[in-house]
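Colleague: Sequence:
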Amino acid sequence: MEWRSPPRIPRIPRHPSSLATCLRYTTMSALKQGEFVGSLDCGTTSTRFIIFDKHADIVAQKQLEFPQYYPEPGWHEHDADEIIDTCNACIDEACTELEAAGWAKDSIKVIGITNQRETAVAWSRKTGKPLCRAIVWDDSRTKNVVAHYEHKLATTGLELDGSFRKREEGIKALRKVTGLPISTYFSAIKLRWMITHYEAVKKAHEEDDLLFGTVESWIVYRLTGGLDNGLHITEVTNASRTLLLDLHTLQWDKSLLDFFDLRPSILPKIVSSSEVYGNIKNGALQGVPIGGLVGDQQGALVGNKCLKQGEAKCTYGTGAFLLFCTGPDIVESTHGLLSTVAYQDGPDAKPVYALEGSIAVAGSAIKWLRDSMYLVTSANDVNTLAASVPNTGGVYFVTAFSGLLAPYWDPGAAGLLIGLSSYTTPAHIARATLEANAFQTRAILESMKLDSKKELKHLKVDGGMTNGDKVMEILADIGGFDVIRPEMRESTALGSALLAGSAIRLFGWDISKPETLSEVNTRGNTTFVPGMPEEDREKRWQGWQRAVERSKGWEDTRVNIAALRACCNLT
1 MEWRSPPRIP
11 RIPRHPSSLA
21 TCLRYTTMSA
31 LKQGEFVGSL
41 DCGTTSTRFI
51 IFDKHADIVA
61 QKQLEFPQYY
71 PEPGWHEHDA
81 DEIIDTCNAC
91 IDEACTELEA
101 AGWAKDSIKV
111 IGITNQRETA
121 VAWSRKTGKP
131 LCRAIVWDDS
141 RTKNVVAHYE
151 HKLATTGLEL
161 DGSFRKREEG
171 IKALRKVTGL
181 PISTYFSAIK
191 LRWMITHYEA
201 VKKAHEEDDL
211 LFGTVESWIV
221 YRLTGGLDNG
231 LHITEVTNAS
241 RTLLLDLHTL
251 QWDKSLLDFF
261 DLRPSILPKI
271 VSSSEVYGNI
281 KNGALQGVPI
291 GGLVGDQQGA
301 LVGNKCLKQG
311 EAKCTYGTGA
321 FLLFCTGPDI
331 VESTHGLLST
341 VAYQDGPDAK
351 PVYALEGSIA
361 VAGSAIKWLR
371 DSMYLVTSAN
381 DVNTLAASVP
391 NTGGVYFVTA
401 FSGLLAPYWD
411 PGAAGLLIGL
421 SSYTTPAHIA
431 RATLEANAFQ
441 TRAILESMKL
451 DSKKELKHLK
461 VDGGMTNGDK
471 VMEILADIGG
481 FDVIRPEMRE
491 STALGSALLA
501 GSAIRLFGWD
511 ISKPETLSEV
521 NTRGNTTFVP
531 GMPEEDREKR
541 WQGWQRAVER
551 SKGWEDTRVN
561 IAALRACCNL
571 T
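For the sequence shown, the numbering used here begins at 1 and goes up steadily by one.
For the record, the hints were derived by calculation from the structure and aren't laboratory data. Keep in mind the model is a prediction, meaning the values are calculated, not measured. Heads up, some of the hints might be wrong.
[Unchecked claim] Straight-line alpha carbon distances no greater than 27 Å define the calculated DSSO-like cross-link-like pairs of lysine-lysine that follow: (1) Lys-126 with Lys-367; (2) Lys-172 with Lys-152; (3) Lys-126 with Lys-254; (4) Lys-143 with Lys-457; (5) Lys-143 with Lys-172; (6) Lys-367 with Lys-269; (7) Lys-172 with Lys-453; (8) Lys-109 with Lys-202; (9) Lys-54 with Lys-129; (10) Lys-126 with Lys-143; (11) Lys-152 with Lys-109.
Taking the hints into account, I'd like the entire structure generated from these sequences.
Modeller: Below, the structure is given as structure tokens:
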């Protein structure tokens, strides 16, 4: 299968009149100088460039969506060139907005970058061009590849310290090194699929022409020059989502590269979350340093200032991602969670770790109600519709559109609406959709409590879903904890901005000293307190667990390994 990027239509440059040019230069000469930090936030469906001041007030911003490709059921792809196009456009247009507000664009002293984490990008060392479309983090096409490596782990094993660890011992060894299970979620599995199914990627791998990275790697490579000495780096939180990083050493693990049959030369250099990596080569911010890189969910952890052991946040966007800071300790989960790097605030700093639980479907379930079921005309209507009934009328909605992630880890689970009756209305289904989000959050927090031996008293939240009060009330009721929603909820972007500012000590920020961030994002919070009686909460929780059990194992994910090897040429 050969993938070719579609031809691009060149933009026709606009030539302003001499009068307009004079007016522009006159205006620029009157622009004020200030000190700001920029954040390039590349999410699943859009890119934003946000310019913050020292209080985390937004001075200027621009957001642009980029196309989503779904060529087969369960497949989700991005065009890496379209991603970088939106990055450049957002930077340019936000800088124009900054100047319109009276500030010179060179007031931006440093930028940070945050990104969708497990999305895999493959490009050519010789041409600097993508070799295929990027495979997005929630893509589930790699189920057979997962089955193959689970079988390999059971039969051949993972070689560590000169001996092969097989079966349960192999699974435990892999989790100890990486903090992760073998899953469609992680980018090394996506890369293996690319090498197997795209001839251009396979050839590039064999000829040592392949460069691999997650989205921040690709963006930094292009912003710093691409073929013209562009940097090929990846940051530790993103590297920790590949299945190739040793959490303890923060280095690529040779045994894992051998296990997945990958060349070390294709991998980027690993860097910390906060340091000056290089400067932007071209465009509106030419010469400005890039000082912060972080995966989006870890970025939200930093942006919410959850920098101490025991603090937690959940970001509700397309999916939902709950991170619990464990400080300097790697907590090995025995209850279905991931151990991951939270951040590393400098190349010589000790890393901070976290436990993470991921929900594949959160805001995307509301989009499904709108775009596929036509129950509402806008996402905001879901809150109104759900609030029109006092409960779900006995309905549960397990939103397993692409299997279940933490803490269940069942790729064969299917979406399930259960408890339907002639009494059921669209309002009950809308409320069940919001409750599904709350139940899955509680499931993760129950696991975190067991792993960390700590009780969570409150949860900080951000993301698009948190704009609705009803979904926050339901979360507090079903979870049984206080939900704290900040006034300024661009936490993901703010996290990368804080890391970038900390790298050059802008505004005196120092991530290792949380007190230096005391004036950041202090507008205030809204707290949602549980109002549901404990007896009702537990009854609802037991019903959710029964619904989840019925959704599990719907799709048979077992494969014929011999046939898989023959068709995929896997070793």
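Colleague: Evaluate each hint against the coordinates.
Modeller: To see whether the hints hold, each was checked on the structure:
1. Lys-126 with Lys-367: Outside the cut-off at roughly 40 Å; violated.
2. Lys-172 with Lys-152: holds (14 Å)
3. Lys-126 with Lys-254: holds (25 Å)
4. Lys-143 with Lys-457: It is violated: about 37 Å lies between the C-alpha atoms, which goes past 27 Å.
5. Lys-143 with Lys-172: Holds, because 21 Å separates the two Cα atoms, which is no more than 27 Å.
6. Lys-367 with Lys-269: violated (38 Å)
7. Lys-172 with Lys-453: holds (21 Å)
8. Lys-109 with Lys-202: violated (41 Å)
9. Lys-54 with Lys-129: violated (37 Å)
10. Lys-126 with Lys-143: Given pair Lys-126, Lys-143 is violated - Cα atoms ~31 Å apart, limit 27 Å.
11. Lys-152 with Lys-109: Violated: Lys-152 and Lys-109 sit about 49 Å apart, past 27 Å.
Of the hints listed earlier, those the structure fails to meet are numbers 1, 4, 6, 8, 9, 10 and 11, in rising order.
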